[in-house]
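Number of protein chains: 2
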Amino acid sequence: MWKTKTPGIPDELFERDENVPITKEEVRVVQIAKGRLKPGMIVYDIGCGSGSMSVEAALQVEDSGHVHAVDYDQKAVELTKKNLAKFGISNVSVISKNANEVISGLPDADAIFVGGTGKDTTEIVKMCLDKLNPEGRIVIGMIQILKSVDITQVTISKSRKTSTGTMMLARNPVTILSATKN
Amino acid sequence: MWKTKTPGIPDELFERDENVPITKEEVRVVQIAKGRLKPGMIVYDIGCGSGSMSVEAALQVEDSGHVHAVDYDQKAVELTKKNLAKFGISNVSVISKNANEVISGLPDADAIFVGGTGKDTTEIVKMCLDKLNPEGRIVIGMIQILKSVDITQVTISKSRKTSTGTMMLARNPVTILSATKN
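Same order as they appear, the protein sequences are chains X and R.
Basically the numbering used here = 1-based index in the first sequence + 125.
Basically the numbering used here = 1-based index in the second sequence + 125.
No lab work stands behind these hints: they were computed from the structure.
A hint or two may mislead.
Taking beta-carbon pairs under 7 Å as the criterion, some of the chain R residues facing chain X (in silico) [claimed, not checked]:
(1) 158
(2) 163
(3) 165
(4) 281
(5) 293
(6) 296
In silico lysine-lysine, BS3-like type, Cα no more than 30 Å apart, as pairs [unchecked claim]:
(7) R/283 <-> X/256
(8) R/149 <-> X/286
(9) R/128 <-> X/149
(10) X/163 <-> X/256
(11) X/163 <-> R/211
(12) X/283 <-> R/283
(13) X/149 <-> R/211
(14) X/251 <-> R/128
Simulated DEER-style distance windows between Cβ atoms [unchecked claim]:
(15) R/260 <-> X/251: 42 to 48 Å
(16) X/260 <-> R/210: 22 to 28 Å
(17) X/291 <-> R/286: 37 to 43 Å
(18) R/226 <-> X/292: 34 to 40 Å
(19) R/210 <-> X/142: 45 to 51 Å
For glycine and all other residues, C-beta sits at the position ideal for the given N, C-alpha and C.
Let's have the full structure, built from the sequences with the hints guiding it.
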């Protein structure tokens, strides 16, 4: 359970699996913020991985909203379900399929998060845009840059204690692309 | 007015003054998230600058909470008041004084944001810690690293259109220090 209004659940509170990626706390809050979520919204989390984005989005859209989490990796789906249970979340549906087989059957969305770097990203983004309501938001993380919109590159370094003090440990840059539907 | 539940108001929606710094959108959402805000909380915004942090914090703590914004620069105070009016915020008090003259008289805080790089930062942080409730959060932006806690360095690059395409423009790294009071 996480009771703050602000997003930003510490990474270490999530169940983890070394084979399933997690969207790190600071990148996650920037992505969630770019989604501009409100209670009642319909959200997709495409490539939900560990489910950390789904958990945060579900808390922001509240029980009047719903999150559709999709991942083709059965391990990710199981981990997402574990994390939903851990945080007491009941407004997320988890779908274990390729995104391009699923998206057309989902209800229209107010915000869509696309993670991962699968080879069908361009097709998936196109399908997502078809389902996105006017003024809806799409937020695409960790991909090659597509074309001009609002692009933010975040490079995070985190402190780690060493025997003699504190050092900064670099993480890889993440490119976050966000746009509003016309 | 800004109606999303998530923080992250675009920079361009704020009134600006070239002599008053603004905490940029992506850094702002990470700082707000590190504050772990809830409705009803008492928050300080020390060195409020343009007031962008105060506006976001006020929306997160809602009308049952309150933000005390402090800046020694009269221009910053006026700009903060303008932005509070622009976003229809009524739960922020703006104080035009040096922070070290003000803090001891404020009610105890649940979350404290310290911006700016004034020469009295260490003294101000110490005064803030005295006022911080147990489990309260302090988030310190844009300063030299003090000592081990949770330190995140965020380096942001933003897209800018050029005549031939889109380029990434670097911004200076920001060090965000956050900690929970014992």
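Structure-inconsistent hints, enumerated in ascending order: Hints 3, 6, 13 not satisfied by this model.
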